[in-house]
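Q: Protein chains in written order, with numbering that gives the first Met the number 0: chain P, 0 to 334; chain D, 0 to 510.
Source of the hints: derived by calculation from the structure; they are not laboratory data.
Source: prediction; values computed, not measured.
Rough simulated footprint, nothing fancy, chain D against chain P, three-plus residues with beta-carbon under 8 Å:
1) 183-197
2) 202-208
3) 214-222
A short, non-exhaustive set of chain P residues, derived as facing chain D with CB atoms under 7 Å:
4) R211
5) G272
6) Y273
Every residue, glycine too, gets a C-beta built ideally from N, C-alpha and C.
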Amino acid sequence: MKFLKKIDKTQRFLIVIIAVYCIVVASRNSAFLSLSTLFALIRSAAGTTILSMGVLMVMISGGIDVSFPAIAIFGGYTSLRVCMAQGITNMFLTFLISIAIGILLGFGNAILVNILKLEPFIITLSTASVYFGLMTILVGTKNVGATDLPPQFRTLSSLKLITTTNQYGGKIGLSVFIIPVVLCIVLTWFILRKTLIGKGIFAMGCNTEAARRAGFNVNLLRFFIYGYAGFLGGVMGIIYIAGTNSVNPVSLVGTEMSVIACVVIGGASPSGGYGTIFGTILGVILYYLFNQTLVYLGLSASWQDFFMGIVLLFSLITTSWQRRVQNRKNFIYTE
Amino acid sequence: MAGTNNIVVAEHICKSYVGVQALSDVSITIKEGEIKCLAGENGCGKSTFVKIIAGVENATSGTIRINGREMTKHSAKDAINEGIQVIFQDLSLFGAMSVAENIAMNKLVKEGKPLTNDREIKRIAKEALDLIGVDIPLDAQIQELSIANRQLIAICRALTLDAKLLFMDEPTTALTKNEVDRLLEIVLGLKARNIAIVFISHKLDEVMRIADSITVIRDGHKIGDFDAAEIDAAKLAYYMTGRQVDYQHYHRDDAAEASLLEVRNLTKKGNYEDISLNLRKGDILGLTGLLGAGRTELAFSIFGMNRPDSGEIFVEGKKVTINDPDDAIDLGIGLVPEERATQGLFLSKSVNENVAAAILKRLKGFMGNINSGKSRDLAKEAIGQFRIKVYDEDTVVSTLSGGNQQKALIARWAASKPKIFILDTPTVGIDIGSKAEIYEYIQKFAAEGMGIILISDEVEEIVANCNRVIVMFNGRKVKEYTEEEMLSPDIKEQINSLVESGKTAGKEEAS
Ligand SMILES: Nc1ncnc2c1ncn2[C@@H]1O[C@H](COP(=O)(O)OP(=O)(O)O)[C@@H](O)[C@H]1O
Ligand SMILES: [Mg+2]
Numbered sequence: 000m001k002f003l004k005k006i007d008k009t010q011r012f013l014i015v016i017i018a019v020y021c022i023v024v025a026s027r028n029s030a031f032l033s034l035s036t037l038f039a040l041i042r043s044a045a046g047t048t049i050l051s052m053g054v055l056m057v058m059i060s061g062g063i064d065v066s067f068p069a070i071a072i073f074g075g076y077t078s079l080r081v082c083m084a085q086g087i088t089n090m091f092l093t094f095l096i097s098i099a100i101g102i103l104l105g106f107g108n109a110i111l112v113n114i115l116k117l118e119p120f121i122i123t124l125s126t127a128s129v130y131f132g133l134m135t136i137l138v139g140t141k142n143v144g145a146t147d148l149p150p151q152f153r154t155l156s157s158l159k160l161i162t163t164t165n166q167y168g169g170k171i172g173l174s175v176f177i178i179p180v181v182l183c184i185v186l187t188w189f190i191l192r193k194t195l196i197g198k199g200i201f202a203m204g205c206n207t208e209a210a211r212r213a214g215f216n217v218n219l220l221r222f223f224i225y226g227y228a229g230f231l232g233g234v235m236g237i238i239y240i241a242g243t244n245s246v247n248p249v250s251l252v253g254t255e256m257s258v259i260a261c262v263v264i265g266g267a268s269p270s271g272g273y274g275t276i277f278g279t280i281l282g283v284i285l286y287y288l289f290n291q292t293l294v295y296l297g298l299s300a301s302w303q304d305f306f307m308g309i310v311l312l313f314s315l316i317t318t319s320w321q322r323r324v325q326n327r328k329n330f331i332y333t334e
Numbered sequence: 000m001a002g003t004n005n006i007v008v009a010e011h012i013c014k015s016y017v018g019v020q021a022l023s024d025v026s027i028t029i030k031e032g033e034i035k036c037l038a039g040e041n042g043c044g045k046s047t048f049v050k051i052i053a054g055v056e057n058a059t060s061g062t063i064r065i066n067g068r069e070m071t072k073h074s075a076k077d078a079i080n081e082g083i084q085v086i087f088q089d090l091s092l093f094g095a096m097s098v099a100e101n102i103a104m105n106k107l108v109k110e111g112k113p114l115t116n117d118r119e120i121k122r123i124a125k126e127a128l129d130l131i132g133v134d135i136p137l138d139a140q141i142q143e144l145s146i147a148n149r150q151l152i153a154i155c156r157a158l159t160l161d162a163k164l165l166f167m168d169e170p171t172t173a174l175t176k177n178e179v180d181r182l183l184e185i186v187l188g189l190k191a192r193n194i195a196i197v198f199i200s201h202k203l204d205e206v207m208r209i210a211d212s213i214t215v216i217r218d219g220h221k222i223g224d225f226d227a228a229e230i231d232a233a234k235l236a237y238y239m240t241g242r243q244v245d246y247q248h249y250h251r252d253d254a255a256e257a258s259l260l261e262v263r264n265l266t267k268k269g270n271y272e273d274i275s276l277n278l279r280k281g282d283i284l285g286l287t288g289l290l291g292a293g294r295t296e297l298a299f300s301i302f303g304m305n306r307p308d309s310g311e312i313f314v315e316g317k318k319v320t321i322n323d324p325d326d327a328i329d330l331g332i333g334l335v336p337e338e339r340a341t342q343g344l345f346l347s348k349s350v351n352e353n354v355a356a357a358i359l360k361r362l363k364g365f366m367g368n369i370n371s372g373k374s375r376d377l378a379k380e381a382i383g384q385f386r387i388k389v390y391d392e393d394t395v396v397s398t399l400s401g402g403n404q405q406k407a408l409i410a411r412w413a414a415s416k417p418k419i420f421i422l423d424t425p426t427v428g429i430d431i432g433s434k435a436e437i438y439e440y441i442q443k444f445a446a447e448g449m450g451i452i453l454i455s456d457e458v459e460e461i462v463a464n465c466n467r468v469i470v471m472f473n474g475r476k477v478k479e480y481t482e483e484e485m486l487s488p489d490i491k492e493q494i495n496s497l498v499e500s501g502k503t504a505g506k507e508e509a510s
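Please model the complete structure; the sequences and the hints are all you need to start from.
A: Here you go:
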């Protein structure tokens, strides 16, 4: 009960949708209700979950970032090529290279947003292109086959935390990906809810001028926010490469909108000032639930976009309708 | 008493925005433990001065010394570190954040501890709320609160820190008399602790009650510093406006007895009950009482925005049902609402578009397109006629001062030539100069045959403008003063004492 009170309307709405969907799918196909479905879901959603935390933070601050796939692939792919060239097999170092690149590119976004004072959307749209182009020039876009991956990537890819056997006797397991995912979620939650920086991020999203008047250095906060999004991009880049069998560095570009959609479905306000970690996670879960299980309903994966779009539209309609009712109560009439 | 140490010495401050010289050569000194009032008409530059000292805006030229140190282009943070706290006119709150977070924010930033603690935040907020004796849920979001409660939150926030100097930029416009009294008490308490306060308000009686000194600004120039004890309201008004301000009393000359608007036994549960009134051409009917007496709700019902449960409305003798504002406008009814910022004006649009909004139908051409040349001419005419201080008709309304916003709103309705015009507390937060002008328009409209309903808390305003008055309490009509009664020389005292008695009755009922 206490939990129900704490979660907001969007979250309740998403939980209901997810529950109803699961019941429908389970009634059509009993194979759905199994650990292997859950494990597959977690593994495939890992990258998006990490990225969504960055998008959430940027969006709460009143900005938007569409360059994170470019940053992720820049960091991850460069790290991969460096490791291959230098024979590096250390996992920590592999992540470090990718993360350092991610943070730097994030700072690049912050500098431009601070100096140009233009819509972050336009700025990160151009930096996405610039970053990806730069990577192409500096390290190329050669495909790397699974067998050519350095050992630490293969370990990351195959290491399981828990393993069981499914009903057909096949081995299934919970991917080690869950660890960085949980770490990133907890870290983001901690920053947003328990630190002064977090308060500043919410404050500037509500009212940038008022945040400045309260004494926050808004420009510095932007460095943190975009840098953090870059950091998460760096982490995700490695996970992404480990998670796919054959690395095609072009494939990640263009996925930004679906991540942003997850965050918006999760209830974050695109105009800033509001958003929750739990809602975002629910948004991602819903996305990957459609992604992974529409086959159980005999539908092709292309229905996923359609369903996500419907959910997004529906939540936008209810939000706008609720606002209108609230405004009418206060005698505010808008166009 | 005021000490001898100067906290702020500002000399020869100039500030220009594009197209506007907001301050020219203003020098002001603020001493420890003094209550200084900044007085002046809307748009004279008071808020600009506050922002410059608070480090939110930088002066174009001039020098500022704070606590003896010269500050050049200081930031908001610098000012906060020097012990300066501000209640900004726009409140500068965080709409989607909780009451507790909003109140504690400044203290958290000032202390700069990297980690925050929810229990600590709530404790800070609770303490501040207790200090001014109001009870607002700590978890509520600011955007759910009324303007009055938002003002209280902004006040609380400024009190969480031990400031040396506190700026209060029109913090009381939406507050009830009790809340204002409580606030003034607190201000005096702060003064006793040697904290300096700069207070800005258009309610001159408030100002006179607590101020030690008054600095008058007019059109960005400082007119002078005055000792509060040696200046009276009339003189102050003269310094502020540069002319003699006096209100004309209104008398109705129209002989026509036909009813323009009649309301019979109108009832809306929880809002108002069994209200009847009759408005003729040339009437200015006053509606007074207390905040929450149901007047605004009644006005909204007549304007089609708050459907009554029962009762009838007649316009020019014909029974009508008014379902939405469009119906009301078609019947020739106009409304200037209480909260002009959220309910009345399109703040982010230009003066031109705002003036045009009420008469879109008339501006529509043959194909339903808007005739922009015609709208522009109308807007220019309105700006001239109502002496709205703007750069040009494309100026965005939100950058105008309160008085000018209100004039733009009245201009907008005047362009649509309503037969029945309802004004809900039209002069709250507006300086005496603009106030006198607004009275002038209202009386002129009535003299030309409009029927006007004027909702107001200020008995003085009611007595000056209305030829008939209805007093409401808790949604009920308790007394109607006729035209003859309004002529009695002690009418102001009569209404005053009735309202006061209602206040005590209300309190007893509440407790
Ligand atoms: N950001 C701004 N841009 C342009 N003009 C402004 C801005 N802020 C204030 N002004 C103008 O400066 C003048 C002084 O405004 P202000 O200090 O707010 O007056 P007051 O507080 O005395 O009512 C007004 O003419 C106002 O329109
Ligand atoms: Mg002001």
